[in-house]
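*Asks:* If you read the protein sequences in the order shown, they are chains A and B.
Residue numbering for the first sequence follows my numbering, starting at 1 and increasing by one per position.
Residue numbering for the second sequence follows my numbering, starting at 1 and increasing by one per position.
Just so you know, the hints here were simulated from the structure itself, not pulled from any lab data.
Where a beta carbon is used, it is the ideal one built from N, C-alpha and C, also for glycine.
There could be a bad hint or two in this list.
Think about it this way: if two alpha-carbon atoms lie no more than 25 Å apart in a straight line, the pair counts; the simulated SDA-like pairs of lysine to any residue are [stated by the list, open to error]: (1) A:K405 - B:I15; (2) A:K144 - B:S39; (3) A:K405 - B:A102; (4) A:K294 - A:T276; (5) A:K400 - B:S39.
Computed spacing ranges between beta-carbons, pair by pair [said to hold, decoys possible]: (6) B:N90 - A:P319: 44 to 52 Å; (7) B:K98 - A:K341: 24 to 32 Å; (8) A:D113 - B:K84: 54 to 62 Å.
Each chain, letter by letter, is given below.
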Amino acid sequence: MRMNNKIAKKLKKDFPIFKNNKNLIYLDNAATSQRPKQVIKAIIDFYEKDNANVERGFYTLAERAMIKYNNAREIIASFINSSPEEIIFTKNTTESLNLLSYTLSSVISKEKDEIVLTEMEHHSNLVPWQQFAKKNKMKLKIIKIKEDFTLDMKDAEQKITNKTAILSFTSVSNVLGTINPIKKLVELGKSHGAITIVDAAQSISSIKTDVKKLDCDFLAFSSHKMLGPTGMGILYGKKEILEKMPPFNFGGGMIKKVKWGSAEWTELPEKFEAGTQNIAGAIGLGEAIRYLEKIGLKNIADLERNLTTYALKKLREIPEMNIYNPGSEKSTGIISFNLGKIHPHDVSSLLNEKGIAVRAGHCCAMPLMKKLGIPQGVTRISFSIFNTFEEIDKLTDALKKIRNKLE
Amino acid sequence: MEKLNYKDIYPKHVIELYKNPSNFGSLENSNFEATEHNSICGDEITVQIIVKDRKIINAKFSGSGCILSTVVASLLIEKIKGMKIKDIKNLDKDDIKKLFGARINSTRIKCALLPLEAIKKALK
Chain A
1 MRMNNKIAKK LKKDFPIFKN NKNLIYLDNA ATSQRPKQVI KAIIDFYEKD NANVERGFYT
61 LAERAMIKYN NAREIIASFI NSSPEEIIFT KNTTESLNLL SYTLSSVISK EKDEIVLTEM
121 EHHSNLVPWQ QFAKKNKMKL KIIKIKEDFT LDMKDAEQKI TNKTAILSFT SVSNVLGTIN
181 PIKKLVELGK SHGAITIVDA AQSISSIKTD VKKLDCDFLA FSSHKMLGPT GMGILYGKKE
241 ILEKMPPFNF GGGMIKKVKW GSAEWTELPE KFEAGTQNIA GAIGLGEAIR YLEKIGLKNI
301 ADLERNLTTY ALKKLREIPE MNIYNPGSEK STGIISFNLG KIHPHDVSSL LNEKGIAVRA
361 GHCCAMPLMK KLGIPQGVTR ISFSIFNTFE EIDKLTDALK KIRNKLE
Chain B
1 MEKLNYKDIY PKHVIELYKN PSNFGSLENS NFEATEHNSI CGDEITVQII VKDRKIINAK
61 FSGSGCILST VVASLLIEKI KGMKIKDIKN LDKDDIKKLF GARINSTRIK CALLPLEAIK
121 KALK
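Please model the entire structure based on the sequences and the hints provided.
*Replies:* Encoded structure:
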C-alpha cells in the first residue's frame, strides 16, 4: 500500500492537469485518461519543430515529419507484436470497428450468416454489427454474462458455431471491469472458421497484448484511453485479410494510380488511410506507449489491482451499496456501483462538490444496464497509475455523506 | 470560460424537496395524462392533470428521477396550478432555470426539462 502510494505520487507529477486543478481527484480514466507532460511535449515539439505533411513533400521538414510519423507506427506495431503495415490509423476504437463493419462483408463466406457478440459490449461494438446484420440479412447472437459478472463460457460454446461469420467481443467490460478469456474466445471462434475481432480499448494500457499469440484477425483500441491524445485510434488487422478488403474511405494518400474513370489502391496500411492523417496524434500515441512501457504494463496492472481491492473493501462497508464487479482478481481498475436508490447523476454531481470526477449513467452500454435492471445506469470509478489510497478514502467518505444527506 | 468550483450545488430547500416532494402521487379524476422518458438517464415521469375551462385545476406527478427532475416537477406543478393551457405552452428553459433557483449544470439541463416536456405532452 505504501509502495503503491509512493509510485502514484511520483507519477502524478508527470500530469500537468493536477497542477492546474489542485484538488482534483480524477477517477474517470476509463472514459478518457489524462496525458503526461512527455506526451504533450512530443505533440508540441512536432508542431513547433517538424510540422509538415507526410508522404507528399520532398523537403527536409517533410522528411523529418515522415521519420517521426513512421517511427510512431513502428512503436505501436511492436507494442502489440504486429508488423507496421498491419497497423491502420483511425480516429478511435469506434471508427476502427466501423471500418470493419463497412468493409468485412466482402471477405465472409456466403453460408455463414451469424454474428456473435457479448452482453458486455460498449455501443461501439454493438451498433455497427446490428446495422451490418440488418444490411446483410444476418442474425445477431449475444453471449450471456453470469451472476458473478463474468462471461458465460458455456453459452459462448453454444452460440459460436459453424454459422458464425464474425465473433467480436470486448477484452474488458467498460462497466463491470471483467477481464474476458480473450485467448479462449479467439480459439473458439477460429475453430469454427469465424473472423475474430477484439475491442481492446479497456485493456490495452494494463494487459500485455500480443496479436501473434492471440491469433485474432483484428484488434481495435483508442489512444485517448492509454495516456495518448484524442482523435487517434488503431485498427490492427492480419495482412492477408486486409489485402482482400476494399478501402473504407477514398481520396488522397490511398491511391496508386488515378484516371478520370477509375483508380487503383495503394499498399497497406495506406490503402485504409485516405486524406491527411492525424500526424501529431500518431506521434503522441507513440510517446504514450513509450511512457507506459517505461513503467511496465505488469506494474500498471498491479498498481490498479491493489487500488481495486482496497476500493471494493471500502465500498462494501457502505450500507445499501450495490457493486457490479467480479472481484479485483478478475477485473481491471473499473468499479461500477449504485448507492441505494440515489440516481447516479446525483451521486456524480454531489461527488463533484468534493472535486471527485467519476462517470455516471449508462456508460454506453444501455442493453447491459437493462439486463442488470438499472435503467438509470451506474456510478463508475476507474483508476490510473496516479490514483492513491487516500483518494479512495475521500471518495468513500463523500459517498457516506451523500447517503446521509439524501436518504 | 466558466471556472470550475467545488461548492455545494444544491441548497437545503432543494434537498428537502427531493426527500419529500410536493405534488407527488396520482389523481383519480384527471382528464389529461402523459409519461415522458429520458433514455440517457433512465428517468421516467408521469403527470396527471385536471383541466377545467382550459385552466389547470390540479396536477400531480409520479415516477423515478434524479434530484433535478423531482424538484423541478414539484415546483413546476405548483406554478401551473391556475394557469391557462395556452400560457403553459409558452414556458421554456429559462422559466425552468428561474423556477429552480440554484445553478443547473449545463450537462444536466435535460433532466430539469423532463417535467415540462411531460406536462406539454399531456396537454397536447
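*Asks:* Against the 25 Å threshold, does the CA-CA distance of K405 of chain A and A102 of chain B hold or violate the hint?
*Replies:* holds, 17 Å
*Asks:* Using the beta carbons of K98 of chain B and K341 of chain A, state whether their distance is inside 24 to 32 Å or not.
*Replies:* Holds, at about 29 Å.
*Asks:* For a C-alpha distance cap of 25 Å, please report whether K294 of chain A and T276 of chain A respect it.
*Replies:* Not satisfied, since the Cα-Cα distance of roughly 30 Å exceeds 25 Å.
*Asks:* Taking 54 to 62 Å as the hint, is the beta-carbon distance of D113 of chain A and K84 of chain B inside that range?
*Replies:* holds, 59 Å
*Asks:* Hint check: K405 of chain A vs I15 of chain B, CA-CA at most 25 Å. Holds or violated?
*Replies:* holds, 8 Å
*Asks:* Does K400 of chain A pair with S39 of chain B here, judged by a C-alpha cut-off of 25 Å?
*Replies:* violated, 28 Å
*Asks:* Check whether the Cα positions of K144 of chain A and S39 of chain B lie no farther apart than 25 Å.
*Replies:* This hinted pair holds, its Cα atoms lying about 23 Å apart.
*Asks:* Starting from the hint 44 to 52 Å, judge whether the C-beta atoms of N90 of chain B and P319 of chain A obey it.
*Replies:* Given a distance of about 46 Å, which is inside 44 to 52 Å, the answer is holds.
Checked against the numbered hints above, the structure breaks hints 4, 5 and satisfies the rest.
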